[in-house]
Amino acid sequence: MCPRTMEMNLAWLGYCVKRIILPVLSAGLFLWSAAPARAGAAGQHIEKQFKVSGRPVVVIHNVANGRIEVKSWKNAEVDVVGTQSSNKIGFEIEQVGDRVDVTSNILDPAGQPLELEANLQLTVPEETELQLKTETGLIYVEQVTGDMKLESYGGDVHLKEVSGYIIVKTTGGSLVCTQCAGKLDFSSIGGSVQILQPQLNNVNLMTTTGNILFDGDFVRTGLYSMKSGKGLVEVRFSSTDSFDLKAQTATGIVDNQAAAYLKPDSHGVKHIAAKFTHGLFGTVGMGLAKVELSSYSGTIRIMKRD
Amino acid sequence: MQCKDVELVLEQEGLEPLPDEARAHLAECRDCRSYVADLTSLVDAAKKLPSEIAPPDRVWISLRAQLEQEGIIRPSEDVVIVEPAPWWESIGAFFRSRVLAMATIGILIVAAAVFQIRRDRSTPAVTPDETAKTAEPAPLIPGTPAPEPPPVFSQSAQALNDQEPVATSMILASTSPVDASLRDNLKKVNEFIADCERHLKEQPQDELTREYLSAAYQQKAELLSAMIERGRSIN
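Quick note, the sequences are listed as chains A and B, same order. Going left to right, the first sequence walks through residues 6 to 311 as my numbering numbers them. Going left to right, the second sequence walks through residues 870 to 1104 as my numbering numbers them.
Take these hints with a grain of salt, some might be off.
[What the hints assert, rightly or not] Pairs of lysine-lysine, BS3-like flavour, derived with a Cα cap of 25 angstroms:
no., chain 1, residue 1, chain 2, residue 2
1, A, 138, A, 165
2, A, 53, A, 93
3, A, 295, A, 251
4, A, 174, B, 1056
5, A, 138, B, 1056
6, A, 93, A, 56
Hints in this document: simulated from the structure, not taken from any laboratory.
Please build the complete structure, drawing on both the sequences and the hints.
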C-alpha cells in the first residue's frame, strides 16, 4: 500500500471516530446515567446497607400490598431496597446491633390499592434469621440458612434452598418449598402446600381446605405429619425410602397406588383404624421414618415417584 | 392559688372534697374547670367497668392447642402396651374391672340423683322455651340451619359466634384484597365447622373429626382476632 493511500485511510478512520462513534457513545452514556434517576423518580426507590456481625436477625413488617424478596450473599451486610408506588406509603428502617427492622406503613389509608404497593428486596448474609410478615404480596426466600417465621394473609410463600426451623402461617396463601432442609411447620385455612425435593426431618402441615403435595425423600428418623380437612393429601416417595405409614380419613378415601411397596408393619404393634375412620397402615423399607397422613373428607393418595 | 397548685392538690387528695382555695381558683379558671370535669368523667367511667374481665374462650382454645403442640399437656390418654397375661388372670381382670366400673357407675347415679333432688327443691323449674334459648347456638352460615355443636365445643362455639358479628362488622366497609381474603376464609372455616358438627351429630365418637373440629375452632379464633386487629388499624 502506498503512503498516500495509508494517509487517506487514517484520515477516514479519524473522521469516522469523530463524527459517528463518539456521538453515539456520548448519547449512550447519557442515557445510561439518566435511566436509574428516572426509575427512582417514578417508583420512589430507597436503598440502605447495614453492616452486621455473626448471624443477623431481619424483621420485616409490610402492611402494604407488595412482594418481599430475600436472597443471600457472602458479605456481612444487609442490603435493603424498597420501592413504593406512591408517597402514601412510608418505610421505616432501623438497625439495633445485629437486628435490622424494616416496616412499611400506610400514611394515607384513603389511598387506592395500586397506590399502596411497597416491594422490598433484601440481600442478607447466608446465615440469617428472618421474621417476615406481609398481607397480600408474595414472600420469596432463597438460599438462606436460619430459623424463619413467615406470615401472610393472602400472599403466597415461595422458598428455595432454605434450611432451619421454618414456620409458615397463611390465611389463604399457598406455600411452595423447593429443596428445603430442617424442620417445617405450615398452617393455613385455604392455602395449599407443595414440598419438592426436600431434606426435611420434621414436617407438620395443616390446612383446612387446601391440598398437600409431598414429593421427595423421607429422611431416616424423620417425623412427618400432613393433615388437610377437605383437600387432597398426596405423597410421592422413592423406592429407597424407609418409613412407617399411617393414613386415616374420616369421610374421604385412601387411594393406595403403591401397594407393591407398602408391606404390613412387622416391627410395631398391630394397627387398626380408629372407629368411624378409613385407615391404611404399612411399612416401606425398614420403616425408619414416621409418616402420618390424615384428612377429614379429602382424598389421601400414596404413590411411588418415577 | 395557681393552676399548678390545683393539679398538685388533685394528684394528692383526689377530686373531693376540694379545699376552698382550689374552689376559688376553679371559679375563675376555665382551663382548670374543664380539667376537673374530664377527671370526673374518667372516674365515673372507671367505676362502671366490671371488676374482673374474663378472657374470651379463643384465648383458652389457643393456649390449650399451644400447650398440646409443645407437649406440655396431652390431648388424649397415652396408649399403654402390656404383655399378654395368662387366661385365668384375664378372666379375673374381666370380672374385677366390671365390678369396679359397676360400683363407680352406681355411686355416680346415686350422687346425681341426690344432687337432682336437692336442686329441684331449691330452684324454680325452667321452662322448655328458656332451655331452648340458652342452648341454641347462633347460626354459622346465613341461610343454612346451624347444626348443634357437640357438648364439648358448645361454649367455644358460642363464644366465637358471639364475636363473629363484631369482627366482620369491623372490616365490613373495607374493599381491600386482604379483608376480602379474610372474609372468604372465614366462610370456608364456617362451612368446614358446620360440616364437622353435622358429622359429629351422627357419629359423636369420631375422634378424627373431633380433632379437625377443634383445629377449625382454633383457626376461626385466630381469624376473628386478625379481623379485629385489622379493623382497629383501619379505623
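The hints, checked one at a time:
1. Simply put, residue 138 (chain A) and residue 165 (chain A) have alpha-carbon atoms about 18 angstroms apart, close enough for the 25 angstroms limit, and the pair holds.
2. Proximity of residue 53 (chain A) to residue 93 (chain A) is assessed by CA-CA distance (about 20 angstroms); at most 25 angstroms being required, the pair is judged to hold.
3. In summary, the hint linking residue 295 (chain A) to residue 251 (chain A) is supported, as the alpha carbons are separated by about 8 angstroms, within the 25 angstroms threshold.
4. For the proposed pair residue 174 (chain A) and residue 1056 (chain B), the alpha carbon gap of about 18 angstroms is at most 25 angstroms, so the pair holds.
5. A distance of roughly 23 angstroms separates the Cα atoms of residue 138 (chain A) and residue 1056 (chain B); the hinted pair therefore holds under the 25 angstroms criterion.
6. Pair hint residue 93 (chain A) plus residue 56 (chain A) does not hold up; C-alpha atoms about 29 angstroms apart against a cutoff of 25 angstroms.
In terms of the numbered hints stated before, the structure departs from hint 6 and from no other.
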